[in-house]
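Undergrad: Chain order of the listed sequences is U and B.
The first sequence runs 630 to 916 under the numbering used here.
The second sequence runs 1088 to 1391 under the numbering used here.
If you are wondering where the hints come from, they were derived from the structure by calculation, not from laboratory data.
Note that the structure is a prediction, hence the values are computed from the model and not measured.
Mixed in with the good hints, there may be bad ones.
Stated by the list, open to error - One side of the interface only, derived from the structure: several residues of chain U facing chain B at Cβ under 10 Å:
| hint | residue |
| --- | --- |
| 1 | LEU669 |
| 2 | LEU689 |
| 3 | PHE692 |
| 4 | VAL696 |
| 5 | PHE715 |
| 6 | ASN748 |
| 7 | PRO757 |
| 8 | LEU761 |
| 9 | VAL786 |
| 10 | TYR792 |
| 11 | VAL828 |
| 12 | TRP847 |
| 13 | PHE873 |
| 14 | MET884 |
| 15 | PHE898 |
A virtual CB, placed ideally from N, CA and C, is assigned to each residue, including glycine.
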Amino acid sequence: MLHSGSRLRRGLVEAASVILVVALLIWSLMPVYNMLLIALDPDEGDIEFEGILWPPNPSLHSFRAVVTQGYWLVEDFWRQLANSFFIGLMTMFLTTLIGSLASFALGRMRLSGSWLLANAPLVTYAVPASFLVIPFVRLMANYGLSNSLWAIIAANVTFATPYAILILRQYARLIPIELDEAAQIDGASSGQVYRRVYVPLMAPALAAVGTFALLLAWNEYLYQYVLLSSTRNMTVAVAIAQFFNSDEAPWNYMMAAALIYSLPPIVIFYALRRYMSAGLTRGALKG
Amino acid sequence: MSSVRQVLAAGLDALNRPRRSAWRRNRHGSELAWAIAFVVPYAAVFFAFVVYPVAYALWMARDPALYRDLIASPLYAQTVINTALFVGLGVNVKMFLALMLSGFFMRRRWWVKATLPVFMLPWALPAIPAFVSFHWMLIGEEGLVDGLLSALFGIQGPLWFNDRGLALGSNIVAYIWKWMPFWTLTFYAARTAIPHEIYEAAAVDGATGSRRFTHVVLPLLGNLYLVCTLLSTLWTIGDFTTVSLVSEGAPAYSTDVLATLGFHYAFDAAQPSLGVAAVMSALPVLIPIVIILMCALQTREVQL
């Protein structure tokens, strides 16, 4: 009887797992499905849900309108997407570069002894990014970066780098310091150690940190909204929000634009996913 | 991870070589110069975009009269409560569920493993489209949620953004939806890093199931959980996007959090100093969290 009891118990666990998986799938996909539902609706601005799970006449009309820039709210769509790409990729590149340089110096060189210096990046998080947007507006005017994409990149890099340094320093513990020393014995300078030893071995963590920075830039909206004033310099994120300020906004166009805007980070995320889980906390638990 | 294993093997090799302390001393000076050069880019960012704006913000919000105005304003008091609820519920529910789900995803069933990439989608999906979609899902009887409620159960769903509690709840649910995958992945990665021998040894001693969780997983993940919760709290106190797009502060600014209230003061009411004062009033909470975070990271360094 004991045997059939444990079999019953195992069956219940399996059933509960299946239910949880189904619930998780619905939970994760419902907002995305809602976007599709609205984007595929042929009637402009109609968001009425008619009790069926699929629009009666699905149409790609809204996607066509966005891609061909056939409506005034999306008339600079490609230019704005290029701006978003520029900001995202520059944030990714600069965060990885500055973060890896700083983590190398703090974790593996003479500076590593200083507790305060090592923790300085975390001080950044004492004041959240959104709290600094008001001074940032004045600051960027002082720096001559008003209405410039570089202002956004600077803000993104500022708030992505501390986390990058944290993750990179943890991951770097997996790499024995003796490896650096062996390279230096062979005559390598610290710059060469960084380039030839540190960066190649840190690749998974750098991919994780780069993805994090890219997604941070792609998620960011407040700074772009406040700092970018001209339509040509806007990003897609701001352009989507612009629909809310308009009286006769076609929501299906907005959702079509939003779906297209969602594709690049999803593609990059799934392309780099293999590195992600390795890079995120591998170093955190070693010991 | 085979590359890392090679690295570790190479490292052990290096360990067996004689020490080179004399050589190290000679190189000290040039290495320090390199170290400084490596830190300079970050230091420049730190001073130009953290120290300067923070100093500027404190200077803008230096007038004590601003804080008297804030304390006198019922809107501010309500906003502080909203922020505490949003952060307290949002962060803790999210982190707890993430910890539990990371354990679920460790199950060795192909369909559980296959769910993980789909479950990660909210994190990869940009915040703006995601929260705009949440807004439309909950817009009332035209929205997907109320539409489903009436189609499946014949109930008329509520007007989510007409009620403060429901609107606040909608913000919290949308926030959890967006950020739970990231922390689930973090805990999942940490769990996969626990060597299998530890589980096996624990199983021999009779620790399986829930006992394994309390006696093996929690002690190992405890500090990581604390660090992640603190970090997430810091980030969430400054969250602007969720509230500004999901409930938009509705009804009548009653679900605003500090970040959106500061924004209203500065850009809608043209009182930038008041806006800065409103957000800077969170510093007495933020600074202790940062100090605890630094200490938590420090203990882990000692443990390693």
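Undergrad: Would you mind marking each hint as holding or not holding in the structure?
TA: Hints, verified against the model:
Hint status for U:LEU669: violated, given a least beta-carbon distance of 13 Å to chain B, over 10 Å. For the restraint placing U:LEU689 at the interface with chain B, the shortest Cβ-Cβ distance is roughly 18 Å, beyond the 10 Å limit, so the hint is violated. Hint status for U:PHE692: violated, given a least beta-carbon distance of 14 Å to chain B, over 10 Å. Taken as an interface hint, U:VAL696 does not check out: its beta carbon lies about 17 Å from the nearest beta carbon of chain B, beyond 10 Å.
A least Cβ separation of about 16 Å between U:PHE715 and chain B goes past the 10 Å threshold, and the interface hint is therefore violated. At its closest, the beta carbon of U:ASN748 sits 5 Å from a beta carbon of chain B; the interface hint therefore holds under the 10 Å criterion. Because the smallest distance between the Cβ of U:PRO757 and any Cβ of chain B comes to about 2 Å, under 10 Å, the interface hint for this residue holds. Against a cut-off of 10 Å between C-beta atoms, the interface hint on U:LEU761 holds, since the closest Cβ of chain B lies about 5 Å away.
A hinted interface residue such as U:VAL786 counts as satisfied when its beta carbon comes closer than 10 Å to some beta carbon of chain B; here the least separation is about 6 Å, so the hint holds. Below 10 Å, beta-carbon pairs count as interface contacts, and U:TYR792 has one with chain B at about 8 Å; its hint therefore holds. Among the interface hints, the one on U:VAL828 is violated; its C-beta lies about 12 Å from the nearest C-beta in chain B, farther than the 10 Å criterion. A hinted interface residue such as U:TRP847 counts as satisfied when its beta carbon comes closer than 10 Å to some beta carbon of chain B; here the least separation is about 5 Å, so the hint holds.
Among the interface hints, the one on U:PHE873 holds; its C-beta lies about 8 Å from the nearest C-beta in chain B, closer than the 10 Å criterion. At about 7 Å, the closest approach between the beta carbon of U:MET884 and any beta carbon in chain B falls short of 10 Å, and the interface hint on this residue holds. Of the supplied interface hints, the one on U:PHE898 holds, with its beta-carbon coming within about 4 Å of a beta-carbon of chain B, less than 10 Å.
Violation of the numbered hints given earlier is confined to hints 1, 2, 3, 4, 5, 11; the remaining hints are satisfied by the structure.
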